[in-house]
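J.: For reference, the chains in residue letters:
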Amino acid sequence: MAITSPEERIWWNERIERGELIWIAIAFCWGIIMFSMMVYWHIEGNQNFSNEAYRISPKVFEQRTEEFTKKFTVREDENTGYPVAKPPAGGDVYMLARLWEWWPMLELEKGQTYRLHLSSLDWQHGFSLQPIGINLQVHPGIEHVVTLTPTQSGTFGVICNEFCGQGHHQMVGRINVVEPGKSQ
Amino acid sequence: MSIATAETGIMGGIAAKFRTCPATGLKVDLAAQSLIKANAVAAVVFLLVGGVFGLMVALTRWPAVHLLPSDWFYLVLTAHGLDVLLLWIIFFEMAVLYFASSVLLNCRLAAPKVAWAAFGLMLFGGLMTNVAVLQGDSSVMFTSYVPMKAEPHFYLGLILFAVGALLGTIVFFGTLVIAKEEQTYEGSVPLVTFGAIVAAIIAVFTLASGAIILVPTFLWSVGYISHIDSVMYKVIWWGMGHSSQQINMAAQVSIWYAIAAITVGAKPLSEKVSRTAFFLYILFLQLASAHHLLVEPGLSAEWRIFNTSYALYLAVLGSMIHGMTLPGAIEAAQRRNGYMNGVFEWLRKAPWGNPAFSGMFLSLTLFGFLGGISGVVLGTEQINLMLHNTIYVPGHFHATVVCGTTLAFMAMTYLVLPLIFQREVIWPKLAKIQPYLFGLGAAGISLFMMGAGTLGVSRRHWDITFSDAAVSFDYPATAFLMMGLNGVFAVVASLGGALYILITVGTVLFGKKVDSKNIVAALGPMPQRQVSSAIKEYGSAGTWNLPGTYILVSVFFVSFVLYYFVNWKYLSEIWPLG
Ligand code: HEM
Ligand SMILES: [Cu+2]
Ligand SMILES: [Cu+2]
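Here the protein sequences line up with chains A and B, keeping their order.
With the numbering used here applied, the first sequence covers 1 to 184.
With the numbering used here applied, the second sequence covers 185 to 762.
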């Protein structure tokens with residue numbers, strides 16, 4: 001029994017049941033398949049996590065985001081007054097996280113590929129693009145560059161999904177995606 | 185009472201007080217017995233406190249109820265995580281370690297004084313951290329990610345708790361050494377003790393990681409260290425946080441084996457296979473923190489893939505093996521008990537009225553189907569992009585740590601009460617339904633949190649309507665429905681939890697004393713009642729054809745494969761990124 005010493009002292013020489021052996025073989029192969037899937041997706045899949053990241057001081061990141069925003073702001077959001085930046089298709093895009101906002105709002109074109117730069121000025125935040133379902137951790141002091149290609153047009157929310165203090169649930173940003181050549 | 189029947193004699197070399205267990209004939213060191221009791225009682229008290237917090241959290245996340253204001257919500261959520269995940273589980277595990285070493289090996293406990301010091305430190309540390317949280321300036325969640333800062337005594341309490349747990353683990357190892365030297369058992373240690381050894385070895389690794397990260401964080405909180413790297417913190421913190429889940433795994437699997445042995449007389453199908461499966465946990469734990477860091481900037485893809493899969497999923501292999509050998513051992517035992525008809529008579533005629541058995545079987549099934557499958561899917565490098573930090577994550581781990589570990593510990597309690605506390609469980613009728621009620625509630629909250637998570641609902645979030653946010657966002661109506669259902673099942677789980685606590689406390693205080701006449705009956709309904717003779721039969725299950733088990737694991741495997749690939753399909757539909 002499981003709560004008493006094994007009957008056969010030399011239990012490691014026991015014969016293993018066929019049924020058990022088959023199950024072990026199946027489970028082992030399944031593990032290899034699951035492992036290979038992750039490697040395969042890096043080669044053939046389109047949704048992968050970007051490894052491009054740099055150390056950066058929050059000040060410098062703030063500056064760059066401000067420059068970016070100044071350069072590309074096309075209008076202010078009616079309800080909130082947030083600047084809406086519309087960078088040229090295929091370009092670099094900045095969004096910063098701080099207590100408790102994502103800044104600025106972005107307007108992107110469907111089907112174009114952008115390099116999105118993310119970083120935090122204070123604590124950790126969670127970039128959760130909804131309802132698409134892309135979730136990235138945003139750290140202070142690290143600039144993360146993600147290549148992103150919107151394939152749907154519409155209005156998308158950026159929810160903060162890393163707990164960041166008392167205003168965590170107020171931290172919502174926005175990305176608009178428009179048809180190529182149009183604006184909202 | 186125990187003292188009345190206690191004898192003084194030589195036990196493991198040194199004079200110790202012990203009593204002889206009327207059910208098993210094992211000698212029970214009274215010092216070990218008191219320590220098991222103390223740790224179990226502390227565990228249950230923290231489950232009560234933490235469970236009340238859990239209900240408050242769930243009621244706040246039920247949009248129609250929205251119980252707490254936001255600052256209280258984050259405070260209570262921090263306390264909930266700490267009290268249930270750390271205090272309830274680890275106190276109970278200390279009791280399991282003392283049981284699996286001293287009681288099962290028929291040996292005195294190595295150093296009862298040290299074990300009491302360990303208990304004291306853990307209690308003191310646990311209370312200190314609770315005080316810090318309740319004071320209000322340490323609502324940082326139990327993960328306390330830097331650079332968010334808690335009060336120094338928040339970290340100090342955790343450190344003291346960890347030191348205490350480490351001391352207790354050392355007493356466990358000491359007891360093993362004594363038992364070996366004094367030959368209090370023959371041959372190898374029992375499988376359950378083997379599982380406990382695995383848990384304890386992982387615990388040492390875990391507590392070391394905890395010290396490496398919490399000590400500097402404490403120094404940072406009092407101002408001696410100026411900076412702690414936020415990614416490094418997570419790598420090491422989860423070296424503690426996740427490895428400790430592997431301790432739970434080893435402990436709960438040991439308990440499954442123990443309950444199966446006691447209630448239906450199950451023997452491992454093969455000692456070799458089951459022990460190797462346990463051993464895989466130690467070998468392939470690797471940097472188990474990786475699957476918490478799949479969307480963290482600055483860690484290489486190779487590192488993440490290798491470590492999230494625990495090196496090619498070999499630790500998952502260990503769990504999948506247990507997932508077959510456990511029902512297999514039960515089926516073999518039940519067939520030996522005479523339930524030979526058809527494919528499933530052994531299962532139908534299992535002692536479903538015995539809360540130890542039903543709790544164990546529910547724990548095993550829910551853990552495998554809900555917790556295990558969702559965990560592997562969630563820990564897949566790219567799929568994690570879709571689900572990271574959504575409420576899918578708490579959904580997954582309530583399936584592992586509530587449906588799995590907590591329910592297993594509850595089930596074990598129904599045996600510990602008669603065997604160690606020497607009391608007959610009061611209200612057997614209520615005890616009979618308790619595991620079902622709690623299992624239903626726990627499965628419900630797991631499923632509905634996972635459901636809401638697939639719709640993007642964030643974890644640790646006070647307001648999914650974003651009513652006081654500058655920028656608006658609307659979740660689909662289904663998400664609200666799921667969070668409401670989560671609240672409903674949270675109430676069911678809480679009823680089940682409250683019943684458990686009432687029964688346990690009531691039994692300890694008012695239960696009928698157990699002696700050689702009623703001990704067997706006190707263990708609850710069982711298919712064969714000759715516990716003591718059954719326990720003297722050693723060895724493996726022998727050759728049995730196990731059609732029922734083959735069907736069960738096939739259903740499991742097919743569900744696993746389907747769910748796994750469905751999620752890859754969902755992933756392929758989101759915006760390309762890289
Ligand atoms: C009555 C039973 C319980 C209910 C109703 C419950 C409910 C919940 C809910 C709704 C959350 C919040 C999810 C979020 O907003 O992120 C949560 C978090 C959590 N629960 Fe439970 N829970 C229960 C029991 C347990 C038990 C027994 C454990 C551990 C053994 C546990 C461990 C946790 C942990 C670790 C968290 C995460 C806290 C955090 O995100 O910092 N829960 N629970
Ligand atoms: Cu935030
Ligand atoms: Cu946040």
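One or more of the hints may lead you astray.
What follows is a list of derived Cβ distance ranges for each label pair [unchecked claim]: (1) B:367 / A:43: 30 to 38 Å; (2) B:656 / A:73: 31 to 39 Å; (3) A:22 / B:654: 53 to 61 Å; (4) B:738 / A:152: 54 to 62 Å; (5) A:183 / B:672: 25 to 33 Å; (6) A:18 / B:617: 23 to 31 Å; (7) A:70 / B:652: 42 to 50 Å; (8) A:149 / B:652: 29 to 37 Å; (9) B:315 / A:9: 49 to 57 Å; (10) B:672 / A:70: 33 to 41 Å; (11) B:672 / A:78: 22 to 30 Å; (12) B:654 / A:90: 27 to 35 Å; (13) A:9 / B:672: 30 to 38 Å.
Dumping the calculated BS3-like pairs for lysine-lysine here, alpha-carbon to alpha-carbon at most 27 Å [stated by the list, open to error]: (14) B:333 / B:221; (15) A:182 / A:71; (16) A:59 / A:70; (17) B:533 / A:59; (18) B:753 / A:110; (19) B:753 / B:211.
Everything labelled a hint here was simulated from the structure, so no lab data went into it.
Backbone N, C-alpha and C define an ideal beta-carbon position, used for all residues, glycine too.
J.: Work down the list of hints and note, for each, if the structure agrees.
T.: We went through each hint and held it up to the structure:
1. B:367 / A:43: 30 to 38 Å: Given a distance of about 57 Å, which is not inside 30 to 38 Å, the answer is violated.
2. B:656 / A:73: 31 to 39 Å: violated (21 Å)
3. A:22 / B:654: 53 to 61 Å: About 59 Å separates the Cβ atoms of residue 22 of chain A and residue 654 of chain B, which means 53 to 61 Å holds.
4. B:738 / A:152: 54 to 62 Å: Cβ of residue 738 of chain B to Cβ of residue 152 of chain A: about 39 Å, so the range 54 to 62 Å is violated.
5. A:183 / B:672: 25 to 33 Å: Given a distance of about 45 Å, which is not inside 25 to 33 Å, the answer is violated.
6. A:18 / B:617: 23 to 31 Å: With Cβ atoms ~39 Å apart, the hint is violated.
7. A:70 / B:652: 42 to 50 Å: Check failed, 29 Å falls outside 42 to 50 Å.
8. A:149 / B:652: 29 to 37 Å: Taking Cβ atoms as reference, residue 149 of chain A and residue 652 of chain B lie about 33 Å apart, which means the hint holds.
9. B:315 / A:9: 49 to 57 Å: holds (52 Å)
10. B:672 / A:70: 33 to 41 Å: violated (50 Å)
11. B:672 / A:78: 22 to 30 Å: Violated, since residue 672 of chain B and residue 78 of chain A (Cβ atoms, about 39 Å apart) do not stay within the stated range.
12. B:654 / A:90: 27 to 35 Å: This hint holds: roughly 30 Å between Cβ atoms.
13. A:9 / B:672: 30 to 38 Å: About 54 Å separates the Cβ atoms of residue 9 of chain A and residue 672 of chain B, which means 30 to 38 Å is violated.
14. B:333 / B:221: Violated, at about 36 Å.
15. A:182 / A:71: Given pair residue 182 of chain A, residue 71 of chain A holds - Cα atoms ~19 Å apart, limit 27 Å.
16. A:59 / A:70: Holds, because 16 Å separates the two Cα atoms, which is no more than 27 Å.
17. B:533 / A:59: With a Cα-Cα distance of about 69 Å, the restraint between residue 533 of chain B and residue 59 of chain A is violated, given a limit of 27 Å.
18. B:753 / A:110: Cα-Cα ~22 Å, so holds.
19. B:753 / B:211: Cα-Cα ~57 Å, so violated.
Going down the numbered hints, you'll see the structure goes against 1, 2, 4, 5, 6, 7, 10, 11, 13, 14, 17, 19, while the others check out.
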